[in-house]
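Engineer: Chain by chain, the residues run as shown.
Protein chains: 2
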Amino acid sequence: MPIKLLIIGGVAGGATAAARARRLDEHAEIIIFERGEHISFANCGLPYYIGGVIENRDDLLVTTLEAFRERYHIDIRIFSEVTAIDAKNKQVEVKKLTTGETYKESYDKIILSPGAEPLKPPLEGIELRNIFNLRNIPDSDQIKAYVDTRKPESAVVVGGGFIGLEMAENLVHRGVSTTIVEMLDQVMPPLDHEMAAIVQAHLKEKGVTCDLGNSVESFSEKGERIIVSTKKGNDIECDMVILSVGVRPENKLAKELGLEIGTRGGIKVDATMRTSDPNIYAVGDAVEVKDFVTGLPTMTALAGPANKQGRIAADNVLGRKSVFRGTLGTAVVKVFDMTVASTGASEKLLKNNNIPYLLSYTHSGSHASYYPGAEMMAIKLIFSPGSGEILGAQIVGMEGVDKRIDILATAIRGTMTVYDLEELELAYAPPYGSAKDPVNIAGFVASNMLKGDVENMNWDEVSDLEQTGYVLIDLRNKDELDESGSISTALHIPLHELRKKLPELEKDKNYIAFCAIGLRGYVAYRILTQNGFKSKNLSGGYKTYLGARE
Amino acid sequence: MPIKLLIIGGVAGGATAAARARRLDEHAEIIIFERGEHISFANCGLPYYIGGVIENRDDLLVTTLEAFRERYHIDIRIFSEVTAIDAKNKQVEVKKLTTGETYKESYDKIILSPGAEPLKPPLEGIELRNIFNLRNIPDSDQIKAYVDTRKPESAVVVGGGFIGLEMAENLVHRGVSTTIVEMLDQVMPPLDHEMAAIVQAHLKEKGVTCDLGNSVESFSEKGERIIVSTKKGNDIECDMVILSVGVRPENKLAKELGLEIGTRGGIKVDATMRTSDPNIYAVGDAVEVKDFVTGLPTMTALAGPANKQGRIAADNVLGRKSVFRGTLGTAVVKVFDMTVASTGASEKLLKNNNIPYLLSYTHSGSHASYYPGAEMMAIKLIFSPGSGEILGAQIVGMEGVDKRIDILATAIRGTMTVYDLEELELAYAPPYGSAKDPVNIAGFVASNMLKGDVENMNWDEVSDLEQTGYVLIDLRNKDELDESGSISTALHIPLHELRKKLPELEKDKNYIAFCAIGLRGYVAYRILTQNGFKSKNLSGGYKTYLGARE
Ligand SMILES: Cc1cc2nc3c(=O)[nH]c(=O)nc-3n(C[C@H](O)[C@H](O)[C@H](O)COP(=O)(O)OP(=O)(O)OC[C@H]3O[C@@H](n4cnc5c(N)ncnc54)[C@H](O)[C@@H]3O)c2cc1C
Ligand SMILES: Cc1cc2nc3c(=O)[nH]c(=O)nc-3n(C[C@H](O)[C@H](O)[C@H](O)COP(=O)(O)OP(=O)(O)OC[C@H]3O[C@@H](n4cnc5c(N)ncnc54)[C@H](O)[C@@H]3O)c2cc1C
Ligand SMILES: CC(C)(COP(=O)(O)OP(=O)(O)OC[C@H]1O[C@@H](n2cnc3c(N)ncnc32)[C@H](O)[C@@H]1OP(=O)(O)O)[C@@H](O)C(=O)NCCC(=O)NCCS
Ligand SMILES: CC(C)(COP(=O)(O)OP(=O)(O)OC[C@H]1O[C@@H](n2cnc3c(N)ncnc32)[C@H](O)[C@@H]1OP(=O)(O)O)[C@@H](O)C(=O)NCCC(=O)NCCS
Chain Y
313 MPIKLLIIGG
323 VAGGATAAAR
333 ARRLDEHAEI
343 IIFERGEHIS
353 FANCGLPYYI
363 GGVIENRDDL
373 LVTTLEAFRE
383 RYHIDIRIFS
393 EVTAIDAKNK
403 QVEVKKLTTG
413 ETYKESYDKI
423 ILSPGAEPLK
433 PPLEGIELRN
443 IFNLRNIPDS
453 DQIKAYVDTR
463 KPESAVVVGG
473 GFIGLEMAEN
483 LVHRGVSTTI
493 VEMLDQVMPP
503 LDHEMAAIVQ
513 AHLKEKGVTC
523 DLGNSVESFS
533 EKGERIIVST
543 KKGNDIECDM
553 VILSVGVRPE
563 NKLAKELGLE
573 IGTRGGIKVD
583 ATMRTSDPNI
593 YAVGDAVEVK
603 DFVTGLPTMT
613 ALAGPANKQG
623 RIAADNVLGR
633 KSVFRGTLGT
643 AVVKVFDMTV
653 ASTGASEKLL
663 KNNNIPYLLS
673 YTHSGSHASY
683 YPGAEMMAIK
693 LIFSPGSGEI
703 LGAQIVGMEG
713 VDKRIDILAT
723 AIRGTMTVYD
733 LEELELAYAP
743 PYGSAKDPVN
753 IAGFVASNML
763 KGDVENMNWD
773 EVSDLEQTGY
783 VLIDLRNKDE
793 LDESGSISTA
803 LHIPLHELRK
813 KLPELEKDKN
823 YIAFCAIGLR
833 GYVAYRILTQ
843 NGFKSKNLSG
853 GYKTYLGARE
Chain Z
313 MPIKLLIIGG
323 VAGGATAAAR
333 ARRLDEHAEI
343 IIFERGEHIS
353 FANCGLPYYI
363 GGVIENRDDL
373 LVTTLEAFRE
383 RYHIDIRIFS
393 EVTAIDAKNK
403 QVEVKKLTTG
413 ETYKESYDKI
423 ILSPGAEPLK
433 PPLEGIELRN
443 IFNLRNIPDS
453 DQIKAYVDTR
463 KPESAVVVGG
473 GFIGLEMAEN
483 LVHRGVSTTI
493 VEMLDQVMPP
503 LDHEMAAIVQ
513 AHLKEKGVTC
523 DLGNSVESFS
533 EKGERIIVST
543 KKGNDIECDM
553 VILSVGVRPE
563 NKLAKELGLE
573 IGTRGGIKVD
583 ATMRTSDPNI
593 YAVGDAVEVK
603 DFVTGLPTMT
613 ALAGPANKQG
623 RIAADNVLGR
633 KSVFRGTLGT
643 AVVKVFDMTV
653 ASTGASEKLL
663 KNNNIPYLLS
673 YTHSGSHASY
683 YPGAEMMAIK
693 LIFSPGSGEI
703 LGAQIVGMEG
713 VDKRIDILAT
723 AIRGTMTVYD
733 LEELELAYAP
743 PYGSAKDPVN
753 IAGFVASNML
763 KGDVENMNWD
773 EVSDLEQTGY
783 VLIDLRNKDE
793 LDESGSISTA
803 LHIPLHELRK
813 KLPELEKDKN
823 YIAFCAIGLR
833 GYVAYRILTQ
843 NGFKSKNLSG
853 GYKTYLGARE
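Chains as they are written, first to last, in this note's numbering: chain Y, 313 to 862; chain Z, 313 to 862.
For the record, the hints were derived by calculation from the structure and aren't laboratory data. Certain hints may be false.
Which copy? The list can't say, so a pair holds if one copy fits it or any two copies do.
What the hints assert, rightly or not - In the DSBU-like style, the derived pairs of lysine-lysine whose C-alpha atoms are separated by at most 35 Å in a straight line are: (1) Lys812 with Lys402; (2) Lys846 with Lys633; (3) Lys432 with Lys633; (4) Lys748 with Lys402; (5) Lys748 with Lys663; (6) Lys432 with Lys564.
Just chain Y, same shape as in the assembly (with noise of 0.2 Å):
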């Protein structure tokens, strides 16, 4: 007898396990229930559809239904809701949204890949017509219908998560002035704070308004526009309002039928991602899976992992052994001119869960810099004190920043340290990179601070230790002070006189070196270390310092 194998949800997780099931069972009974008009559509493209950034609407579905079903024999059933899973009869019961029929369908195995579903916190006003979520193809009809033919001339996205961000970009670029309301006091919760600091001075250079810590307490309604009332008690008028505060997973099946869910929903799975219940295995933004680096339960809402997810669990199902050993909720997203990338931990999450770790900022060129068009990119390493081995990385830049990143991802993956990011032989010509990469770069200040030829401190431990009988020397040339002004305390050495000026410093000083991005810092440490001298070099220079503190 063919397995018969039903799907639920019929997307990135789902529509993957489906084709990989076939292609590995050619016999495999498959059917594919979808909730929704759509199977296997580019969710991650709805913002730029919205933003006429992709113009036709068919570019998003990335298969047919009927291509679908011609290549992979699958039978697709859309508009068709799964309402119960029984588990003892091995049946579900699918309900037919047409018509509002129910029916029972048999199955030997399930996979789950519900999704999430944004989330709609319970706000007064938040039923107002111009108030809009974003997940599927109808979401985006109506956003787009609303700004082509009512041309909204503001509107408020609350949450500043990679969705929120690049609903503000393409909602500039059809002239909506907007405004981002964030709770956090950041935007792009996967950074940490300083680097998300670079973010926001560039959607501020862009126009758009980042109110930062404050949050959403209701909507009204004003003639045709919409007040947003918050916490912070100031009110924002807009003609429309985007929610983009989170999603919770798409947990009702499970939860009902009694499967395992995580704390904070997850449906939880092994690394087989089989649920508790043996013949059910589930996938994507509905699951709780490792974190590659700490081990820790973890969600990624990110459609690669749900793909791969996908995959492993039609391996599973059809009897061979694959696993998923984790994730680093790699994460990329464009901020207008920018790129903001970041991969494994962060330093907050490792900060709250005790593990301890180093991190170095340096900032390099996308390319050779004698080159035309490269362009800064700041990057925060962070990594293990003892082995060196690397926990997370985040890049901001404007260009060759998702390189870079997935190149930290891959030595993530490869347990690699810091002093494999030394070595590593990345490929340079003048227009693509240089002979020492960014990400040897990143590798060398690491490997230096562990191998004590360095000691580094970081932009937001300065104010303290001025306080402390610190000494700052700034060791940029006038132009650059200049230009950017320094921390006003500071003495200035230009580094080319300081051989010169030691005689002028104090051996029973500590010295901290500043320049502006780390590098004469460091090497005005070596100078005045081997000279007898206390120093320190303040990481990622005053560039990181000046970024964090914007």
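Please arrange chain Z with the ligands on chain Y, whose structure you already have, making use of the hints.
Structural biologist: Chain Z with the ligands in isolation, oriented as in the chain Y frame:
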């Protein structure tokens, strides 16, 4: 007593070694001897300076003499050629090229970073004017001055390696019609033939003539012009010639001293970059190092390794143990709109050394197809038939190529396998990649081969197989055949009709399924074999097949 370190050659390896040595040891006496006028210049930028892409000559000087002297307190002697090393008395002989004077300088340690000089084959007429080599700034000044003032109409570039290709591109930028004469039957020797063929097609599109499998026999003058006479008998008339037929390590000093030299002329070093003389280290283009993948001795004339080796040599000179674990030869070159990159071992290298390998061809979009600007790239992945360890990769395409080669170079460094590539969690948002990145796809395909889930055949086996009774099935749709043709003997069964047409196929025949890129061929393989038919899939599909034969 502070250590006295002499560095011979002041550019990539030498300047880096000097800077690192100073950072490690504030008190060392460090002298750089450089034969030329410039230290620390951007060799790699020279073609772009000639092409006018880099407009400002000063941009080629990565660091000035003064900055280097002031920051690093290094005694820099330009126009100073070291003419002999007297290891017994630990001193070198230096010739001041401005005056012809010579003097001796004692040392504790030497780092040799003399680089490699362009080969100048002893051909008749090679000394004619307007025949140029390109290694340093004076060379590029000459070429640029010639192009600027004489406005040549046509050029011959002898040698189709990366410098030859960059020169061809930059000459075309300047309006010079260019022919490349190359002895091999392909450009870009680190690539395999079929990957180079894609580059050749692009060169043709851009108006560059590639005269492959041909070599220059002599040069002669015809008025202001040059006649390039070739082995094949065709004469090419042109206004200028660029010689880029490879480089030869500058091993004269080392040879005369009796240091161990490899068969191809590279100075032999151990993993600490030490030569056979315990006080002399050598780095960069002049040395023979270990190939990371094969373990064989090799030479790479690339700036990344030169820089890294310089740093490692300085470490060891100053008493730290630092090792160079071998080179991957990771390289990238821009060829007009195309990026061409490789890392690790090529198929031909493995074949020549009887090292077993498997390979896969895949074609993937640089980012999600529904987001504007996605471009296809061709990936050749080479891996070990046993463990699946990645041995090498070659990628050609318009966008995102450098990123994927760097991911693969990192994976090779981490001795990762194709199974690891399946799992890599790379950054995905529509402008940057796909939920299944091209590297993941390459991993899937290779893993499927290793697990026996597909049996592939390669483009170069097709013609043989046809003769031995195989039946080709073209799975593409009619419009695709109309557009790009097919293999004449192939049956045409679009994939979506395959299941229906199975009754018309014969169980004792051997079918070779093929499509555009290999995906549908793989799906067909799964359908065919699970229904009792014998099949293979044409790796990389018609695209690889056609590209290789162009
Ligand atoms: C606007 C937007 C932009 C995004 N951008 C990115 C990005 O740039 N990069 C990235 O990595 N990720 C991005 N994502 C996230 C990514 O789309 C998700 O991580 C991924 O789609 C999750 O896959 P999934 O299969 O778990 O769930 P989904 O793809 O959401 O599919 C779940 C499907 O299951 C259906 N379903 C649920 N319950 C039932 C039921 N009981 N019966 C029948 N059907 C049911 C739902 O209707 C839904 O269609 C974005 C998401 C959105 C909304
Ligand atoms: C046109 C061009 C483009 C290139 N593009 C790229 C690229 O895109 N990517 C890449 O990775 N690599 C590229 N390279 C190669 C790269 O520049 C070299 O690999 C690198 O410079 C080698 O460093 P090195 O220190 O070994 O030698 P070099 O940088 O060549 O330095 C050697 C120096 O030693 C001096 N010298 C030699 N003998 C003596 C002596 N006896 N006494 C005193 N001085 C001496 C020489 O004058 C020379 O300046 C390119 C090279 C060229 C010429
Ligand atoms: C469209 C969709 C159903 C495709 O699923 P899929 O068939 O598993 O994925 P792909 O089309 O990338 O094909 C991958 C398969 O083809 C094979 N393949 C790809 N290129 C190949 C080539 N050149 N040669 C041979 N095989 C190839 C791979 O090995 C893999 O097969 P396997 O899993 O059996 O190893 C699914 O990705 C989807 O629904 N996507 C849209 C939804 C979504 O992901 N949304 C979120 C992001 S916007
Ligand atoms: C210019 C040149 C002398 C610089 O050499 P260098 O000082 O070793 O290299 P960089 O300027 O990249 O600096 C790297 C050093 O600064 C440190 N550094 C870089 N950024 C830093 C930061 N933000 N914070 C702290 N330290 C930093 C690194 O750790 C490294 O020091 P280390 O080797 O002691 O660990 C050398 O690269 C050169 O001559 N280049 C031109 C020639 C050439 O390479 N040609 C071929 C390519 S075109």
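Engineer: I want to check one pair: lysine 432 and lysine 633. Are their C-alpha atoms no more than 35 Å apart within a copy, between two copies, both, or neither?
Structural biologist: neither (39 Å within a copy, 59 Å between copies)
Engineer: For lysine 748 vs lysine 663, is the C-alpha pair at or below 35 Å within one copy, between two copies, both, or neither?
Structural biologist: both (31 Å within a copy, 32 Å between copies)
Engineer: Using 35 Å as the alpha-carbon threshold, which applies to lysine 846 and lysine 633: within, between, both, or neither?
Structural biologist: between (57 Å within a copy, 26 Å between copies)
Engineer: Between the shortest in-copy and the shortest cross-copy C-alpha distance, which are at most 35 Å for lysine 748 and lysine 402: within, between, both, or neither?
Structural biologist: Classified as between; 33 Å across copies, 59 Å inside a copy.
Engineer: Checking lysine 812 and lysine 402: alpha-carbon separation at most 35 Å within a copy, between copies, both or neither?
Structural biologist: between (83 Å within a copy, 32 Å between copies)
Engineer: Give the relationship of lysine 432 and lysine 564 under a CA distance limit of 35 Å: within one copy only, between copies only, both, or neither.
Structural biologist: within (16 Å within a copy, 75 Å between copies)
In terms of the numbered hints stated before, the structure departs from hint 3 and from no other.
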